[in-house]
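J.: For reference, the chains in residue letters:
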Amino acid sequence: MSLADVQISHEPGALVARLTGEVDMSNAEELGATVIGATPNDAGGVVLDLTGVDYLDSAGIYVIHGMRASLQARGQALVLVIPPDSPVYDALRLSGAERPGEVVEELEAALAALEAKASEDA
Amino acid sequence: VGELRATQTDIPKLGSGQVALEPADLIVEAPDQVRASYRFSDPALSELPLDQLLDELLNRTQEALEVDTVAILLLDAEAQQLVARAAKGIEEEVERGVRVPLGRGFAGRIAAERIAIFIADVDHADIHNPILREKGIRSLLGVPLVVEGQLIGVMHIGSLKPRDFGPNDLAVLQLAAARAAPAIERATLAARLEHEHNVSITLQRSLLPKQLGDFVGVSLASRYLPAREEVGGDWYDVIELPRGRVGLVIGDVVGHGVPAASLMGRLRTALHSYAIEGYGPGRTLELVDRFVQSLNEPAMATAAYAVFDPFMSTVQYAAAGHLPPVVISSTGTRAIDVTPAPPLGAFPYGRCPEHEFSLESEDILFLYTDGLVERRGIPLSDGIDALADAVRGARSAEEACQAAVADLVPIEGLRDDVAIVALQNTPVPTELHLRLPAEPKTLAQVRRVLRRWLVERGGEEADVAEVTIAVSEACANAIEHAYSPGPASFELHAWGDDGDITVAVRDAGQWRAPRGQHRGRGLSIIAAAMDDVQVDRLATGTEVVMRRRLPRP
Numbered sequence: 001m002s003l004a005d006v007q008i009s010h011e012p013g014a015l016v017a018r019l020t021g022e023v024d025m026s027n028a029e030e031l032g033a034t035v036i037g038a039t040p041n042d043a044g045g046v047v048l049d050l051t052g053v054d055y056l057d058s059a060g061i062y063v064i065h066g067m068r069a070s071l072q073a074r075g076q077a078l079v080l081v082i083p084p085d086s087p088v089y090d091a092l093r094l095s096g097a098e099r100p101g102e103v104v105e106e107l108e109a110a111l112a113a114l115e116a117k118a119s120e121d122a
Numbered sequence: 001v002g003e004l005r006a007t008q009t010d011i012p013k014l015g016s017g018q019v020a021l022e023p024a025d026l027i028v029e030a031p032d033q034v035r036a037s038y039r040f041s042d043p044a045l046s047e048l049p050l051d052q053l054l055d056e057l058l059n060r061t062q063e064a065l066e067v068d069t070v071a072i073l074l075l076d077a078e079a080q081q082l083v084a085r086a087a088k089g090i091e092e093e094v095e096r097g098v099r100v101p102l103g104r105g106f107a108g109r110i111a112a113e114r115i116a117i118f119i120a121d122v123d124h125a126d127i128h129n130p131i132l133r134e135k136g137i138r139s140l141l142g143v144p145l146v147v148e149g150q151l152i153g154v155m156h157i158g159s160l161k162p163r164d165f166g167p168n169d170l171a172v173l174q175l176a177a178a179r180a181a182p183a184i185e186r187a188t189l190a191a192r193l194e195h196e197h198n199v200s201i202t203l204q205r206s207l208l209p210k211q212l213g214d215f216v217g218v219s220l221a222s223r224y225l226p227a228r229e230e231v232g233g234d235w236y237d238v239i240e241l242p243r244g245r246v247g248l249v250i251g252d253v254v255g256h257g258v259p260a261a262s263l264m265g266r267l268r269t270a271l272h273s274y275a276i277e278g279y280g281p282g283r284t285l286e287l288v289d290r291f292v293q294s295l296n297e298p299a300m301a302t303a304a305y306a307v308f309d310p311f312m313s314t315v316q317y318a319a320a321g322h323l324p325p326v327v328i329s330s331t332g333t334r335a336i337d338v339t340p341a342p343p344l345g346a347f348p349y350g351r352c353p354e355h356e357f358s359l360e361s362e363d364i365l366f367l368y369t370d371g372l373v374e375r376r377g378i379p380l381s382d383g384i385d386a387l388a389d390a391v392r393g394a395r396s397a398e399e400a401c402q403a404a405v406a407d408l409v410p411i412e413g414l415r416d417d418v419a420i421v422a423l424q425n426t427p428v429p430t431e432l433h434l435r436l437p438a439e440p441k442t443l444a445q446v447r448r449v450l451r452r453w454l455v456e457r458g459g460e461e462a463d464v465a466e467v468t469i470a471v472s473e474a475c476a477n478a479i480e481h482a483y484s485p486g487p488a489s490f491e492l493h494a495w496g497d498d499g500d501i502t503v504a505v506r507d508a509g510q511w512r513a514p515r516g517q518h519r520g521r522g523l524s525i526i527a528a529a530m531d532d533v534q535v536d537r538l539a540t541g542t543e544v545v546m547r548r549r550l551p552r553p
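Those protein sequences? They're chains Z and G, same order as listed.
Count the first sequence with this note's numbering and you get residues 1 to 122, in order.
Count the second sequence with this note's numbering and you get residues 1 to 553, in order.
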């Protein structure tokens, strides 16, 4: 059994990566690399949907920061879907650190945020 | 007397130099042959295994008829060929694995036409097998081996000098053939069954889980017992699921032998695959049912799939045509009343309802196949009652398996194979003392133990999540410190009650200052999640001691 799973779908202008399961130092880097590797250059940005993540620790947060940095270098935005009171929300709260990207509560809002960003740029 | 009569019936398929013979009666005036007839009905022969029996029959035939060669070829029905199986004087036949197509040459025609054939002079006759000529055989006499109207082979004798085989020779050869044929049939059948039995047991064993794995709050035991004569398609499986849940599978493919064992392997794989995708028991069985429908072969099986959640102490359960599970508890042992869906493969697109029941601390969930409880002439419900009686009072999953096998498996062996898998909801000790390998994959295991331990200490969901992340971060630090050649480990101690718990994580490495944001964040999570954190840098390693009120004031 793998600890976590990532499902990737291509929406207009964005890549949506849905993460499920548990993310820790055993799999965080690999999951991050999977998402970055699947992101085409012409995608406006990446939506990382963490709704289905049961556990995320500092290793996961670190990797999300890294993802934001590599996407930024390609001119792509990262939007995180983190519902309030979810395990990921709590982990970010406990870490007290800066949020690694724009955070919304639902996938639709993430896609809308990316669309708005795209029209700003245009 | 002494002259062979050619058969009256016209046999156009004979080759040159071949003479078809009518079956000969034994000529009583020839005392040697009378003695020979006793030699083939010696009761001691029937005690011999096939190879020795054939050897003995060949020896006795050779002696009785004073011939130079004797050979037995058996029919390979699939290939439509005769295969040399035993020989005297022409051992090369067997060694070289001589094969003669049906209807060809000497033996091939005996088999195809089921007649005795005499060849006076091999040099001028139609012979398929070159060894006969190489060995210098001049004359041959052969008869078909027939059992209950079925041709199973050919037996022939040969002489290095030209010889006119007489009716007595034919009669004795027929006698030897009549003795050999049923014995060969019996022995090959037994050998084939034994081979198939061994193949399917090997297959079955290779398809069952090698070890049941370690799960938190769960102890497991299982059995697979092949039937006395034939294996079937029974199986069990244990599946590690996310969030510490454990999947338990039991199943029984209708049928026996290699086909059933092979189908079992496919069904087990299919069920396992759907289960790790996260489908619940009902949906998983519905999908396996579709898989069975898609095989386009007659296939039917019963199965049950249970998912145990050690944090909630609940079982989600669904069954397709399978017998009810038994729950062994200190307050009594009972079969859980669940309505199974039809068997897998019985009706396309059936619905498979899900049931939920609780499994209290130390209760045992016992899944089994019908071979354990089905006895001829006894109602099935009585068999299940007998099982409940047998496992009553078992204190562990292993004890339950032992008791069931001891009480219900008859001494003479099983008519049907049996699979059993049992799971006990085991309490986590009030104090944890764990020594763990310093590997990243250990973290998920630590979290599983800890969650269960915290729930049993009275932790609410939010407390459990916060303490878990803090301890997991401390363990991640210990694993990072332990990067050294060779296997390394770290220790986790957890104790406390009455809403006040302490967890200590100790490694044997040198404390390193937090490197970059990453480790610093880990420490800030620990500090935020726990009420009190101490990092002690000891000469032997580093210890992080964390305290926390449950629930937080």
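Any given hint could be a false lead.
[As the list claims (entries may be wrong)] FRET-style restraints, in silico, Cβ to Cβ:
#1 G:GLN293 / Z:GLU115: 42 to 48 Å
#2 G:LEU241 / Z:GLU115: 34 to 40 Å
#3 Z:ILE8 / G:ASP532: 52 to 58 Å
#4 G:LEU241 / Z:ILE8: 44 to 50 Å
Read the hints as simulated data drawn from the structure, not as lab findings.
Predicted model, so just to flag it, every value in this text is computed and none were measured.
Ideal Cβ placement from N, Cα and C applies to all residues, glycine included.
J.: Please go over all the hints and tell whether each is borne out by the structure.
T.: To see whether the hints hold, each was checked on the structure:
1. G:GLN293 / Z:GLU115: 42 to 48 Å: holds (44 Å)
2. G:LEU241 / Z:GLU115: 34 to 40 Å: holds (38 Å)
3. Z:ILE8 / G:ASP532: 52 to 58 Å: With Cβ atoms ~43 Å apart, the hint is violated.
4. G:LEU241 / Z:ILE8: 44 to 50 Å: Violated, at about 23 Å.
This entry does not satisfy hints 3 and 4, going by the numbered hints stated previously.
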